[in-house]
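> Model the placement of chain B on the given structure of chain A, informed by the hints.
These protein sequences, in sequence, are chains A and B. Residue 187 in my numbering sits at position 159 of the first sequence, and the numbers go up by one each step. Residue 92 in my numbering sits at position 64 of the second sequence, and the numbers go up by one each step.
Just so you know, the hints here were simulated from the structure itself, not pulled from any lab data. Please note that a few of the clues may not be correct.
For identical chains, the list gives no copy identity; a pair is met inside one copy or between any two copies.
[As the list claims (entries may be wrong)] DSBU-like cross-link-like pairs, simulated, lysine-lysine; straight-line CA separation at most 35 Å: (1) K139 / K75; (2) K160 / K127; (3) K127 / K139; (4) K112 / K76; (5) K112 / K231; (6) K44 / K200.
2 protein chains.
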Amino acid sequence: MLTLSMQEFLDVLAGKSATPGGGSVAALNGALGAALVTMVCNLTIGKKKYAAAEADMQAIKAEAERLQAELAAMIAADSAAFDKVMAAFGLPRNTDAGKQTRSRAIQAALKEATIVPLNTARACAKVLTLCKPVAEKGNTNSLSDVGAGAQAAAAGLKSAALNVLINLGGLKDADFAARAEAELRDILAAHENLADEVYQLVKATM
Amino acid sequence: MLTLSMQEFLDVLAGKSATPGGGSVAALNGALGAALVTMVCNLTIGKKKYAAAEADMQAIKAEAERLQAELAAMIAADSAAFDKVMAAFGLPRNTDAGKQTRSRAIQAALKEATIVPLNTARACAKVLTLCKPVAEKGNTNSLSDVGAGAQAAAAGLKSAALNVLINLGGLKDADFAARAEAELRDILAAHENLADEVYQLVKATM
Chain A
29 MLTLSMQEFL
39 DVLAGKSATP
49 GGGSVAALNG
59 ALGAALVTMV
69 CNLTIGKKKY
79 AAAEADMQAI
89 KAEAERLQAE
99 LAAMIAADSA
109 AFDKVMAAFG
119 LPRNTDAGKQ
129 TRSRAIQAAL
139 KEATIVPLNT
149 ARACAKVLTL
159 CKPVAEKGNT
169 NSLSDVGAGA
179 QAAAAGLKSA
189 ALNVLINLGG
199 LKDADFAARA
209 EAELRDILAA
219 HENLADEVYQ
229 LVKATM
Chain B
29 MLTLSMQEFL
39 DVLAGKSATP
49 GGGSVAALNG
59 ALGAALVTMV
69 CNLTIGKKKY
79 AAAEADMQAI
89 KAEAERLQAE
99 LAAMIAADSA
109 AFDKVMAAFG
119 LPRNTDAGKQ
129 TRSRAIQAAL
139 KEATIVPLNT
149 ARACAKVLTL
159 CKPVAEKGNT
169 NSLSDVGAGA
179 QAAAAGLKSA
189 ALNVLINLGG
199 LKDADFAARA
209 EAELRDILAA
219 HENLADEVYQ
229 LVKATM
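One chain only, chain A, in its complex shape:
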């Protein structure tokens, strides 16, 4: 999916197929946020005025580059997981054995389709936590960029959350579902206001 041009991705997204959909856009938004964090680090590192922040910016850049690669891979992984769910629902159910095989396949696919956006949510949250120190210590000429990065990462987090929740509903493994929902709730609560904080921080300097 990463080899598609931007125009092709937008068009295939808008098309009649359910994939790629919101889960892939969630991962893309996380990757866009990470890329903007890296960019602002790049525009800060090596500048005399920001020498005091140099070590922080280097560490944040390394983490943002790792997260960008991780989230970029999830763009396709999310669509693949959803396609597996659809394929499982399409399995034959005209015999008892077929019904059991189908049900097991659906449950396995739904678990994967929950784990992928949960991983996306976790990674988007990490991108969000990187935005604040960059907004505080990074190149002030690039503040709107880290503000946009935080907005993208927050959109990714909430979009991924909806994709976790929509798949949790069909899961029969109540323990797994409860653990996933609790972790998602914790991630959302811990990062809920971060994008707004960065937005206000950036706006206050203008």
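Here is chain B on its own, set in the frame of chain A:
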């Protein structure tokens, strides 16, 4: 810029150049939101269960397709506008005539670099208003997709807002700056809670 692959765009975004930056990501997020609205319309149109919403979905789809094209064009337009600002700042100022030419070029470039993200903000706001009726009347299997579309459009709106504000600061035309700021404030106020409303609407059905 639309001919770059997704991976290339992410990498050039993360790179050492200030463009593309947050303004281009703002427009991209609006386009992603519009594409997701179109997708959910496509997955609703023609289905017996949603026959009552058919006309609405057709109209929303046409508008979303228009907005996607408009916002996709703004991805490159925003970077071009910022590059012009940088080029104007780079003009010679070793003579009085040169100083005046440079100052006029900076002001003209800053106006354009304000108008482009203001247009992006306006278009993202329109995408946001399309999300709610789609969440209410569209295919319920695709609710998380329109939820993600609303998150992307809201991120685009707020990111574009930061890009308007950062350029307004340098403008000498106080009337123009006041009008732009007032319009931005109105757009933000009118659409502030829409993405959250859609998020809660989607979440409530899960």
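> Hints first: check each against the structure and report whether it holds.
The hints, checked one at a time:
no.	hint	in the structure
1	K139 / K75	between (47 Å within a copy, 29 Å between copies)
2	K160 / K127	neither (51 Å within a copy, 38 Å between copies)
3	K127 / K139	within (18 Å within a copy, 64 Å between copies)
4	K112 / K76	between (52 Å within a copy, 26 Å between copies)
5	K112 / K231	between (44 Å within a copy, 23 Å between copies)
6	K44 / K200	within (30 Å within a copy, 48 Å between copies)
In this structure, the one hint that does not hold is number 2.
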